[in-house]
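Throw the hints in and build the complete structure from the sequences for me.
Line by line, the protein sequences give chains W and L. So in our numbering, the last spot in the first sequence is 133, and the numbers never skip. So in our numbering, the last spot in the second sequence is 153, and the numbers never skip.
In short, the hints are calculated from the structure, not lab data. Take the hints with a grain of salt, since some may be wrong.
To be verified - Computed beta-carbon distance windows for the label pairs:
# : chain 1 : residue 1 : chain 2 : residue 2 : range
1 : W       : Glu48     : L       : Glu88     : 34 to 42 Å
2 : L       : Glu21     : W       : Lys104    : 30 to 38 Å
3 : L       : Glu21     : W       : Glu60     : 45 to 53 Å
4 : W       : Gly131    : L       : Asp104    : 37 to 45 Å
5 : L       : Arg117    : W       : Ser70     : 22 to 30 Å
6 : L       : Pro112    : W       : Val55     : 20 to 28 Å
7 : L       : Asp116    : W       : Ala127    : 20 to 28 Å
Stated by the list, open to error - Covered stretches of chain W (in silico footprint by chain L; criterion: 3 or more residues with CB under 8 Å from a CB of chain L, positions within the stretch not fixed):
#  : segment
8  : 28-36
9  : 53-67
10 : 92-102
Even for Gly, the Cβ is constructed at its ideal location relative to N, Cα and C.
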Amino acid sequence: MSTPSTSGHLSGESFRVDVDRRDDSAVVRLIGSCEMLEAERLTECMVTLAQESMKVIAVDLSQLDFIESTGLGAIIAGHLRLRHHQGELRLVGPQKPILRLLELTRLTQLFHVYPSVEAALAGSR
Amino acid sequence: MKEITVPNDLSAAKQPEDLILEELSRCGYDQNVSFAIKLALEEAMTNAFRHGNKCDPCKCIHVRYAITPERIEIEVGDEGEGFCPDEVPDPTLPEFIDRPHGRGIMLMKAYLDEVTYGDNGTRVRLVKVNNKQES
Numbered sequence: 009m010s011t012p013s014t015s016g017h018l019s020g021e022s023f024r025v026d027v028d029r030r031d032d033s034a035v036v037r038l039i040g041s042c043e044m045l046e047a048e049r050l051t052e053c054m055v056t057l058a059q060e061s062m063k064v065i066a067v068d069l070s071q072l073d074f075i076e077s078t079g080l081g082a083i084i085a086g087h088l089r090l091r092h093h094q095g096e097l098r099l100v101g102p103q104k105p106i107l108r109l110l111e112l113t114r115l116t117q118l119f120h121v122y123p124s125v126e127a128a129l130a131g132s133r
Numbered sequence: 019m020k021e022i023t024v025p026n027d028l029s030a031a032k033q034p035e036d037l038i039l040e041e042l043s044r045c046g047y048d049q050n051v052s053f054a055i056k057l058a059l060e061e062a063m064t065n066a067f068r069h070g071n072k073c074d075p076c077k078c079i080h081v082r083y084a085i086t087p088e089r090i091e092i093e094v095g096d097e098g099e100g101f102c103p104d105e106v107p108d109p110t111l112p113e114f115i116d117r118p119h120g121r122g123i124m125l126m127k128a129y130l131d132e133v134t135y136g137d138n139g140t141r142v143r144l145v146k147v148n149n150k151q152e153s
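Now the structure itself:
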């Protein structure tokens, strides 16, 4: 996987990550099915992005069909790295099965979940 | 039970998953069940690859499964030294909530009817019952 560029993506057969940088924030769109093979590449992507001095990373889950625990760990790894410089990772629009996964793991207590990318970037729920 | 052994490699670990998901579809299981089994299998195979076999390419992962319209039973075994699943901390506790790892067993238990370990923790048995069967 290459380092995400200003607007870039990492792509597997059934999973894609689109990164859209906007000044001091970024939108990361997870598209398709994040399985065990892709999850480790997602970790690299999230950590690389979080190392930049972003204030907010909005992770758009609205087109994500599946994610397992390593993929959830990738999002958490990005959150931990972002927290080093007082940045915040926010989740956007998960479909029902993904929301259930977030609730079961209680990650909804760790992350704010927003209905849209715009709301997430603005911090308004 | 059907059996498949794959090399300790995450790409190869997809083979049993694909076979099992195809069979679930043939048996008429719905998307919710497929999601649960896919998730549990990914967690079990990742644990076998990483924690059991310690990413050793010389080792293998052993999968056995039996699927009927009433019930799904899967066993995943590794060639590692084993572990004590009771010693794995609850990842939903506040002190562990922001750890990137350690949710696999919890997720398997949340989505399945039975998750039991045998052979000193080197084998996990996963069971899901079809609750939509008419009595």
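Verification of the supplied hints:
The hinted range of 34 to 42 Å is satisfied by glutamate 48 (chain W) and glutamate 88 (chain L), whose Cβ atoms lie roughly 36 Å apart. A hinted range of 30 to 38 Å for the beta carbons of glutamate 21 (chain L) and lysine 104 (chain W) is consistent with their spacing of about 35 Å. Taking 45 to 53 Å as the suggested C-beta distance range, the pair glutamate 21 (chain L) and glutamate 60 (chain W) conforms, at roughly 48 Å. At about 41 Å, the beta-carbon gap between glycine 131 (chain W) and aspartate 104 (chain L) stays in the expected band of 37 to 45 Å.
Range check, arginine 117 (chain L) to serine 70 (chain W): Cβ separation about 26 Å, and the 22 to 30 Å hint holds. Between proline 112 (chain L) and valine 55 (chain W) the Cβ separation comes to about 24 Å, which falls inside the hinted range of 20 to 28 Å. The hinted range of 20 to 28 Å is satisfied by aspartate 116 (chain L) and alanine 127 (chain W), whose Cβ atoms lie roughly 23 Å apart. Counting residues of the segment 28-36 of chain W whose C-beta lies closer than 8 Å to any C-beta of chain L gives 0; at least three are required, and the coverage claim is violated.
With a cut-off of 8 Å between beta carbons, the segment 53-67 of chain W has 0 residues touching chain L; three or more are needed, and the interface restraint is violated. By the rule of at least three residues with a Cβ nearer than 8 Å to a Cβ of chain L, the coverage given for the segment 92-102 of chain W is violated, with 0 such residues.
Against the hints set out earlier in the document, violations occur for numbers 8, 9 and 10.
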